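With chain A fixed as given, assemble chain B onto it according to the hints.
Listed here are the chains, written in short residue letters.
There are 2 protein chains.
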Amino acid sequence: MTIQQSAQPDILNANCPSRTVLRHITDRWTPMIVTVLTPRRQVRFKELRERVQGISPKVLTETLRSMERDGLVTRVVTASVPPRVDYELTDLGMSITRPIAALRRWAEGHVTEIEEHRQAYDNALH
Amino acid sequence: MTIQQSAQPDILNANCPSRTVLRHITDRWTPMIVTVLTPRRQVRFKELRERVQGISPKVLTETLRSMERDGLVTRVVTASVPPRVDYELTDLGMSITRPIAALRRWAEGHVTEIEEHRQAYDNALH
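So the sequences go chain by chain: A and B.
19 is the number that full-length UniProt numbering gives to position 19 of the first sequence; each next residue is one higher, with no gaps.
123 is the number that full-length UniProt numbering gives to position 123 of the second sequence; each next residue is one higher, with no gaps.
Here chain A stands alone, though its shape is the one from the complex (with noise of 0.2 Å):
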């Protein structure tokens, strides 16, 4: 294989970081992390924990941290006792609700269709 590196990024390019930018998107669970942070509203973890059905806080954490990494959310600290901790959308996160919404939606509407499909292919070689 060659390797190409072009001027633009590319997904399409083995070697663009895109690449890597779009696996984070399009993670298991940071859709739905932006979700639960849609509309842009500081959340605690324990509500996360609670929307984001099936995450363990474990995964949780490390998504978190990979998105604040990648800078989508940050994190609000609170003086308190206990120190209250929030988590928000930055503008850069803001920026990727609109695609990962339509992602969303597409998925949700078009369960019954795409069953249908399934079982339609599913008869076909049985």
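Careful, some of the hints might be misleading.
[Stated by the list, open to error] Listed next, the stretches of chain A that the computed footprint assigns to chain B, with coverage defined by at least 3 CB atoms under 8 Å from CB atoms of chain B:
#1 28-34
#2 37-46
[What the hints assert, rightly or not] Some chain B residues near chain A, calculated using beta-carbon distances under 8 Å:
#3 Ala7
#4 Pro9
#5 Ile11
#6 Leu12
#7 Thr26
#8 Pro31
#9 Thr35
#10 Thr38
#11 Pro39
#12 Arg41
#13 Val85
#14 Glu108
#15 Tyr121
I should point out that these hints are in silico values taken from the structure, not numbers from a laboratory.
The model shown is predicted, which means the values in this text are computed figures rather than measured ones.
Backbone N, C-alpha and C define an ideal beta-carbon position, used for all residues, glycine too.
For chain B alone, coordinates are given in the frame of chain A:
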């Protein structure tokens, strides 16, 4: 954990089948395959393999089969010697091209900004 089955599909619900739909449309290669198949046209396996850099023939075959099972692509077999096989988006597949193009543009358009965030985050830790 209590099992809640909501009437409306909801990706935040651990038992909702829309989660599987979301996983499929955001899997590692599906957005890239959709990108190559857009605008709608028939594309041969060989071209898909060349344009989606880094994908193995085995994984491309598996991903196309999963997309065909979900009703996103159709295999078009032309009777020739050897038979020619092309892949094309269905109407359902076409309906996902816009959300996926938005994601792709976002990923390609924010590479530099995200890399700067990562650098700043890592520097702050050390």
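Hint by hint, here is what the structure shows:
Counting residues of the stretch 28-34 of chain A whose beta-carbon sits less than 8 Å from any beta-carbon of chain B gives 3, enough to reach three: the coverage restraint holds. Here the stretch 37-46 of chain A counts 0 residues with a CB under 8 Å from a CB of chain B, which misses the bar of 3, and the coverage is violated. The criterion of a C-beta within 8 Å of any C-beta in chain A is not met by Ala7/B, whose closest approach is roughly 12 Å, and the hint is violated. Below 8 Å, beta-carbon pairs count as interface contacts, and Pro9/B has one with chain A at about 4 Å; its hint therefore holds.
Nearest Cβ of chain A to the Cβ of Ile11/B: about 6 Å, under the 8 Å cut. The hint holds. Interface restraint check: Leu12/B against chain A, minimum CB-CB distance 6 Å, threshold 8 Å, status holds. Checking Thr26/B against chain A: minimum C-beta separation of about 4 Å stays under 8 Å; hint holds. Interface hint at Pro31/B: satisfied, since its Cβ lies 7 Å from the closest Cβ of chain A, which is below the 8 Å cut-off.
The beta carbon of Thr35/B is positioned within 8 Å of a beta carbon in chain A (closest approach about 7 Å), and the interface hint is therefore held. Hint status for Thr38/B relative to chain A: violated, with the closest Cβ pair at about 12 Å, above 8 Å. Below 8 Å, beta-carbon pairs count as interface contacts, and Pro39/B has none with chain A, the closest being about 15 Å; its hint is therefore violated. Interface hint status for Arg41/B: violated, as the beta-carbon distance to the closest one in chain A is roughly 16 Å, over 8 Å.
Checking Val85/B against chain A: minimum C-beta separation of about 17 Å lies over 8 Å; hint violated. Satisfaction of the interface hint for Glu108/B is found here, the shortest Cβ-Cβ separation to chain A being roughly 4 Å, below the 8 Å cut-off. Below 8 Å, beta-carbon pairs count as interface contacts, and Tyr121/B has one with chain A at about 4 Å; its hint therefore holds.
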